[in-house]
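Could you put together the complete structure from these sequences and hints?
Line by line, the protein sequences give chains A and B.
Here the first sequence is numbered in the UniProt record's numbering, starting from 1 and rising by one per residue.
Here the second sequence is numbered in the UniProt record's numbering, starting from 1 and rising by one per residue.
None of these hints come from the bench; they were simulated from the model.
It is possible that some hints are incorrect.
For chains that are exact copies, the list does not tell them apart, and a pair is met inside one copy or across any two.
Listed below are the simulated EDC-like cross-link pairs for lysine to aspartate or glutamate, each with C-alpha atoms no more than 20 angstroms apart in a straight line [what the hints assert, rightly or not]:
#1 Lys-48 / Asp-38
#2 Lys-211 / Asp-176
#3 Lys-60 / Glu-229
#4 Lys-60 / Glu-257
#5 Lys-76 / Asp-281
#6 Lys-60 / Asp-38
Here the structure is a predicted model, which means the values were calculated and not measured.
2 protein chains.
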Amino acid sequence: MKINPRCAHCLLTRVHYEARLSTDDEQLLHKAVMTGIDELNRTYKPGKPAGEISTAVHQKVYEVLGDEDPYLELKKLSNKTAEDIFPVAQKRVYEDDVSDKELFRRSVLASVIGNTFDFGVVGFDVAPEIFDETFKQTFENGLDVDDTSSMFEMLDNVVYVADNCGEILLDTIVFDIIKKLGGKITLVVRGAPILNDATLDDVYDYGIDKKVDRLLTTGSNAIGVNFEEAPNELFEAFDNASLIISKGMANYETLSEYNLGPIAYLLKTKCESVASDLGLDTGCTIAKLVNEQ
Amino acid sequence: MKINPRCAHCLLTRVHYEARLSTDDEQLLHKAVMTGIDELNRTYKPGKPAGEISTAVHQKVYEVLGDEDPYLELKKLSNKTAEDIFPVAQKRVYEDDVSDKELFRRSVLASVIGNTFDFGVVGFDVAPEIFDETFKQTFENGLDVDDTSSMFEMLDNVVYVADNCGEILLDTIVFDIIKKLGGKITLVVRGAPILNDATLDDVYDYGIDKKVDRLLTTGSNAIGVNFEEAPNELFEAFDNASLIISKGMANYETLSEYNLGPIAYLLKTKCESVASDLGLDTGCTIAKLVNEQ
Chain A
1 MKINPRCAHC LLTRVHYEAR LSTDDEQLLH KAVMTGIDEL NRTYKPGKPA GEISTAVHQK
61 VYEVLGDEDP YLELKKLSNK TAEDIFPVAQ KRVYEDDVSD KELFRRSVLA SVIGNTFDFG
121 VVGFDVAPEI FDETFKQTFE NGLDVDDTSS MFEMLDNVVY VADNCGEILL DTIVFDIIKK
181 LGGKITLVVR GAPILNDATL DDVYDYGIDK KVDRLLTTGS NAIGVNFEEA PNELFEAFDN
241 ASLIISKGMA NYETLSEYNL GPIAYLLKTK CESVASDLGL DTGCTIAKLV NEQ
Chain B
1 MKINPRCAHC LLTRVHYEAR LSTDDEQLLH KAVMTGIDEL NRTYKPGKPA GEISTAVHQK
61 VYEVLGDEDP YLELKKLSNK TAEDIFPVAQ KRVYEDDVSD KELFRRSVLA SVIGNTFDFG
121 VVGFDVAPEI FDETFKQTFE NGLDVDDTSS MFEMLDNVVY VADNCGEILL DTIVFDIIKK
181 LGGKITLVVR GAPILNDATL DDVYDYGIDK KVDRLLTTGS NAIGVNFEEA PNELFEAFDN
241 ASLIISKGMA NYETLSEYNL GPIAYLLKTK CESVASDLGL DTGCTIAKLV NEQ
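Set out below in structure tokens:
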């Protein structure tokens, strides 16, 4: 996905947000924001992938803040909230006696709802205390774009690119069902902390490594996946996958730049740039399969 | 008021907003936003007045858009809405038989409520259709900071620096009462279109020139008042005033940089930067008198 003019102020909003998470020092806040503006000024070109610009901006701001992980506390809170909501989600997926295909659809829906766990995007923060109600409502509404039937036929060898902390706990419901159906899973998380994205720390903290067949990282703290920094194993895994599942907007922004497939984008359209790139409105829950050849 | 780190993304939000008001051309939108970023990068320094930076950014963006007045349609809408609300406001100010001091307080309150007419500031847009209800509620709540009693003693020779379109119609209720009390009014509007601020066009369209004793402009399309571009008559008027009344955030941002007084700031604290500079929360309606010597 290419940069949209509306991405600039949203990106700077997030820079200010993470700078405030990191420090109360007014001079350092100025410096962080000015660094974000300068880097944005340097990297913003029409037609350039949005993820490339946001990666450059956030990495530089982290450097100036002298903080490897400004979102650390929020990520803990996000994981904690997901722990609380997990039994509710699990129960809703498995209740009644339904087909494997319906089970899979429900698990995907639960994981997409998990994608509403995203701190710092303008207008779509969901406070933990209202997540419970949001979850129930969204589960009843179902998916706005639902390609889970087609995805269901492609679960032999799945590469699953995770997104945020918290959310990754709900992804494990999908993992369980893919395993139950006899499929293999390669889980991919960020190579180092960026925003509130899941890393190996979260995977090990929750024993998620034991639920999947293979564990890889994106090789860096890029937003989404930066192919220039990704390990060869990841390219091979993408090549050999029966299905790539990409969670969240940042992975969509970056993976949609490459000719990968079949790939299913599981996300909530939280911003206008991503929504319009997908030809959808904001606020949609989607499991959209592309490059299905 | 000095630039606050949180001003940067808000300013860019407004740049994007006005660019979209002006054009649908995606390339021009990119160019406008990139110009805003570049100008922000060039001008943002800690300790610099916020108004200086926002003026530079908006003026450059207008130039690139090739549009002298992107807010023209919105300003018309704003005036139209104020026309609709005017009789409601007028009635509430004059109802019952109250003292002149109470009449003045009510008129100030009505004009501060008029300050909620502000399109484009993140989080505080008030849709015309809900203004009516908002007005009634706010009128009943009164002013959060109310220095109208002291102001009432200083109405001999008032310089009134207006803010937005729409709002300026409600300001005329204050003018009427100052005139009734025997005071003189010098009204100051922008010298050329900037944002949704009132200019001479609005003054003449509504015959407001006939309600005041003297009419001046800020001499330019700066945000608020830029002393480097203001005419000598304005400095003289400020020097000779028994009271300066400054409407809205942009005038506060710029006039608070100079040692003027006595000066009363009439505004709603719509953003955190202005609110915290005043030692208040956002969402307050204030008539705050300073430099009262």
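So, going through the hints one by one against the coordinates:
| no. | hint | in the structure |
| --- | --- | --- |
| 1 | Lys-48 / Asp-38 | both (17 angstroms within a copy, 17 angstroms between copies) |
| 2 | Lys-211 / Asp-176 | within (7 angstroms within a copy, 75 angstroms between copies) |
| 3 | Lys-60 / Glu-229 | within (16 angstroms within a copy, 38 angstroms between copies) |
| 4 | Lys-60 / Glu-257 | neither (23 angstroms within a copy, 33 angstroms between copies) |
| 5 | Lys-76 / Asp-281 | neither (31 angstroms within a copy, 30 angstroms between copies) |
| 6 | Lys-60 / Asp-38 | both (10 angstroms within a copy, 17 angstroms between copies) |
Consistency with the previously given hints fails for numbers 4, 5, ordered from lowest to highest.
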